[in-house]
Amino acid sequence: MAIEARTGSGPVTDVAARPNPWRRLVDVWRHRELLLNLVRKELKLKYKNSTLGFLWSLLNPALYLVVFYFVFQIVLGAGLPYFAIFFLAGLLPWNLFSTSLGSSTTSVVGNAGLVKKVWFPREILPLAAIGAALVHFFLQLIVLALALVIFRYPPSAEFCLLLPIALLTLLLFAAALGIGFAALNVYLRDTQHLLELVLLAWFWATPIVYQYTKISDRIGNWVLLNPMTSIVITFQRAIYNRTTYYDTTTKTTVGILPDESIWWYLRNLGIVGGCSLLLLVGALLLFGRLEDNFAEEL
Amino acid sequence: MDPAITVDHVSKRFRLYKEKPESLKERIIRLGRNPYEEFWALRDVSLEVAHGETLGLIGQNGSGKSTLLKCISGILRPTSGSIRKSGRTAALLELGSGFHPDLTGRENVFLNASIIGLTKRDTARIFDDVVAFAELEEFIDLPVKHYSSGMYSRLAFAVAVNVEPELLLIDEVLAVGDEAFQRKCVQRIRQFQSEGRTILLVTHGVETVRQICDRAAVLDHGSLIALGEPGEAVLVFRDALLQREHTDEAAGADWRSHQQVRITGAEVEYLHPDRRHLLPGEPLRIRMTYDAPARVDDVVFAINIHDQQGNLLLGANTDSLGADPGSVEGPGEVVFEFEQVPLMGGIYEVSLGVHTHDGGVEYDHRAGEDVIEALSTGKVAGMVSFPIRAKVDPGS
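Chains as they are written, first to last, in this note's numbering: chain H, 1 to 298; chain B, 1 to 396.
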């Protein structure tokens, strides 16, 4: 028998001590299999018993597109060329962010059954929620890709190099906030309701429906204080790939996106990414403190 | 070598809010003056579980045994103290812990196994064993919400024991399922023990502790009041139970002063007074003296004999033996006479008690003070010397 090998194997851990943020991330990595399984579970349960299943996640941006196209292009006559492409390029990363945040905030409360009965690194729950949102994001990208093909619209090859970085930055930012909010929501259930309102305001504060220049013309670079702006305009710059357009009614050239180099966009992402990293450490510390009594509070 | 689990001065405080503020508004309004009571579920508990050992945790409801198990599994974090453990842990805290009703049995097995830390490949390897153990071959692809509670618990147990944990934490789960499955579980636990794995078991069942555990710990009001041989621990547990009943009755007064019948002494009398032991098959007498300050009409004197592992070898009382005293008053004596005691080599514990016919009130008991010491003859091995003779027919 392999008793000798088994006894004393594995590191001795102090389960009563709060692990530091780095240790927490290592624990999450060790449980990556569980992370994937939970993502799978979320997806399975979301579309269980629905006939259209994953098609629903495609219908959401499609409907948004129709509504905003109608309101802005036809009723208000905003006149952006290829509005669909512009809009989807900003909406999809925004959707990823807001679903990530919304579902990760409720993830610990929603999985009370698990939290009360089994141990695993609890951060996995908000991360799994973000993972599920990421899968939807990729599905919705199909809609965008179809639009590009239909309109024979060429994205910018150069700026597309920034997309993985922008996506990573977005995920980092969402993870930091999501982990923090998930823990807070256990104690203050208002967090999730408050968040809904904040996300609504945040959506309009981010240049998704309108173009970046509309506000940057008024308040300058202060726009970039909204981290989502840096991320969204990178997506738009890469996919929509126009910085100006010629308005035929006023006979003027109108700005859409900042006409800056790839490095300017990269710098913005870097700032957001760096801050998110700090935020993540803070969120993990907060989560670690609040986690002590999860099982009692739920 | 380090123990498998080291629990070092662990305390756990719960705050019981009288009115729990759920919303931000309430929190702000009551900021800082939130009425709550502190409740210590665990007070300064220290214990060690050696590798390959099976430790039973016993105690009444609310004694903190489940809290301790949750702290060890990591679900709750103690308020102070440290808990060190090593190796893969599987915990069965409540049945079907971590099962999602809408997922199928198969999906739940994979989910559950990955919670414990298994990879997909590992899980696939043990999957058939799990299903076979749970006897759920036909239902494994059904959502578990359609399972009966028995099927649910079988699957949960099957996962926990098949993931090859080095450390298995079990809370009360042996009490469910049909008898056949229970036997299977006990068997599997024995196999675990023989493989040198460590088990921590929380239970109400005194018999379970005696059958399975190497040692037992008794918790009472969050404090560890005994840690030792299962037999001893069970006695302490019974004592604690008794004391609580009495304190409940007499509202905190010293219950011993309210005893209506008191055991004043007891003695084990062997065949030869100069020999302090017994040879198998010899007669034995156990004499108990009592005192009843006032007349008591409802009284039964009882005797129990346990072996060192806490197994009950004999239990009898004056009622069952047809020697009902009717009523007692003043000092008196009860003698239990054994025509012959077939016990062999060992020490056996005698516990005595006085209680009402229905067992509802125990006037007094005496345990852990008297023993029967038996020697072996060397002719046969074991614990009981059955009258045995051998006859060999050499044929022709």
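It cannot be assumed that every hint is accurate.
Straight-line distance between alpha carbons at most 27 Å, and here's what the computed DSS-like set of lysine-lysine pairs gives [said to hold, decoys possible]:
id : chain 1 : residue 1 : chain 2 : residue 2
1  : B       : Lys145    : H       : Lys48
2  : H       : Lys46     : B       : Lys120
3  : H       : Lys46     : B       : Lys145
4  : H       : Lys214    : H       : Lys251
5  : B       : Lys120    : H       : Lys44
6  : H       : Lys116    : B       : Lys120
7  : B       : Lys391    : B       : Lys379
8  : H       : Lys214    : H       : Lys116
9  : B       : Lys184    : B       : Lys145
10 : H       : Lys44     : H       : Lys116
11 : B       : Lys120    : H       : Lys48
12 : H       : Lys116    : B       : Lys145
13 : B       : Lys120    : B       : Lys145
14 : B       : Lys145    : H       : Lys44
15 : H       : Lys116    : H       : Lys48
Beyond 12 Å from chain B on every Cβ pair, some chain H residues (computed) [said to hold, decoys possible]:
id : residue
16 : Lys116
17 : Pro164
18 : Gly282
Residues from chain H that face chain B, not an exhaustive set, calculated with beta carbons under 8 Å [stated by the list, open to error]:
id : residue
19 : Val15
20 : Pro21
21 : Trp29
22 : Leu34
23 : Glu42
24 : Trp119
25 : Lys214
26 : Ser261
27 : Leu279
28 : Asp292
Source of the hints: derived by calculation from the structure; they are not laboratory data.
Predicted, not measured: the structure shown is a model, and the values here were computed from it.
Just so it is clear, CB atoms sit at the ideal spot from N, CA and C, and this is done for glycine as well.
- Message: Hint check: Lys120/B vs Lys44/H, CA-CA at most 27 Å. Holds or violated?
- Response: Judged against 27 Å, a Cα distance of about 18 Å means the pair holds.
- Query: Holds or violated: is the Cβ of Gly282/H farther than 12 Å from all Cβ atoms of chain B?
  - Reply: holds (20 Å)
- Are the Cα positions of Lys184/B and Lys145/B separated by 27 Å at most? holds (24 Å)
- Query: Was the hint right that Trp119/H lines chain B, CB cutoff 8 Å?
  - Reply: holds (4 Å)
- Item | Pair hint Lys46/H and Lys145/B, alpha-carbon separation not exceeding 27 Å | holds (17 Å)
- Interface restraint verdict for Pro21/H against chain B (beta-carbon cut-off 8 Å): violated (16 Å)
- Restraint status (C-alpha distance of Lys145/B to Lys48/H at most 27 Å): holds (14 Å)
- Asp292/H as chain B interface residue, shortest Cβ-Cβ below 8 Å: holds (4 Å)
- Quick one, are Lys116/H and Lys145/B close enough, alpha carbons at most 27 Å? holds (19 Å)
- Query: Do the alpha carbons of Lys214/H and Lys251/H lie within 27 Å of each other, as the hint requires?
  - Reply: At roughly 18 Å apart (the allowed maximum being 27 Å), Lys251/H and Lys214/H satisfy the hint.
- Could you check if Val15/H really has its C-beta closer than 8 Å to a C-beta on chain B? Since chain B brings a Cβ to about 5 Å from Val15/H, closer than 8 Å, the hint holds.
- Given the hinted pair Lys145/B and Lys44/H, is their alpha-carbon gap at most 27 Å? holds (15 Å)
Against the hints set out earlier in the document, violations occur for numbers 8, 16, 20, 21, 23, 25, 26, 27.
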